[in-house]
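S.K.: These protein sequence lines are chains Z and C, in that order. Mapped onto my numbering, the consecutive letters of the first sequence carry residue numbers 25 to 175. Mapped onto my numbering, the consecutive letters of the second sequence carry residue numbers 258 to 412.
Any given hint could turn out to be false.
Claimed, not checked - Listing some non-contacts, in silico: residues in chain C with all C-beta distances to chain Z over 12 Å:
hint, residue
1, GLU274
2, ARG319
3, GLY345
4, LEU347
5, GLY391
As the list claims (entries may be wrong) - Below, a sample of chain Z positions facing chain C; criterion: calculated Cβ distance under 8 Å:
hint, residue
6, ARG105
7, GLN126
8, ALA144
9, VAL147
Honestly, the hints are just simulated from the structure, not real lab data. Every residue gets a Cβ at the ideal spot worked out from N, C-alpha and C, and that includes glycine.
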Amino acid sequence: MIAATAAKVEDLTLNITQEIHVKAPLDATFEALLEQLGGLMTAAENKPMPMKIEPWPGGRWYRDLGDGNGHLWAHVQAIKRPTLLEFCGPLMMSYPVASNVQYRLSEEAGGTLIKFQHLALGVIPEDYRKGLNEGWGSINTRAKALAEKKK
Amino acid sequence: MTGTATRIEDLTLHITEEIHVKAPIDVTFATLLEQLGEFNQVAADRPLPMKIEPWPGGRWYRDLGENKGHLWGHVQSIKRPTLLEIYGPLIMSYPCMSNLQYRLSEEAGGTLIKFQHAAFGLILGEHRQGIPNGWRYTHALAKERAEAKVSRGQI
């Protein structure tokens, strides 16, 4: 259990942005991203942690443990292949935090630019605040490698 | 966007509206679902058709075809013809949770809709300013459509 110790609104927010330059076409990058966030998802120390994404508006992004067990991370808030993927939900945080995660893809010279943003509001423990930036960096790097391998 | 709120009050939004409709409650409820769904529009020349799956947990979403689209919310409660409640991000692409309530009751000559939109999150100024007008526009259309059904004898 975590305690709410935030004294300012800023303490309740998290804002992570990353830009990933991928040497692969837009379509391939979008598909690689879905794969990386889905079946090829990894956790800390790059341990496999396969997730499932139902790639339609309102679809679930969740950890399927079988037999009806699992963890819901989010719902798909927006999906417009191959330029936008957006989620809203608690992610891995088992406390009152609302997150919005956006991947906006566009063509650039030699490939695709992914603009990533994770905005959250809630009671966010300090260790998550530190770890999430690194975690997204790892996931997004893997998505880039996957797309460039597939092209 | 970035959170510029400095006070907890800046993180909230609370809109209420009462709509008096000269139509029976079941017609009003059905019309409300239509207005929020396929007849949704943001201006006279700007239709924005949505879909509502009218059951608990059903989606309220913009269907762009081929599994593309935008999720606005899920049905939190539905009790025909007196309650429709939706929760979700609505149009806001940032951490903000909304609860919408439509509570319908019979009154002399028709139906009273009590509407409430409560939200908590990093609410952009443009949304804070624009959303009340948007709801008023939507509700005026729902009222007009329900009353037109009565005038045309479609009940």
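S.K.: A separate judgement is required for each hint: does it hold in the structure or not?
M.R.: So, going through the hints one by one against the coordinates:
no.	hint	verdict
1	GLU274	holds, 25 Å
2	ARG319	violated, 7 Å
3	GLY345	violated, 7 Å
4	LEU347	violated, 10 Å
5	GLY391	holds, 19 Å
6	ARG105	holds, 6 Å
7	GLN126	holds, 7 Å
8	ALA144	holds, 6 Å
9	VAL147	violated, 13 Å
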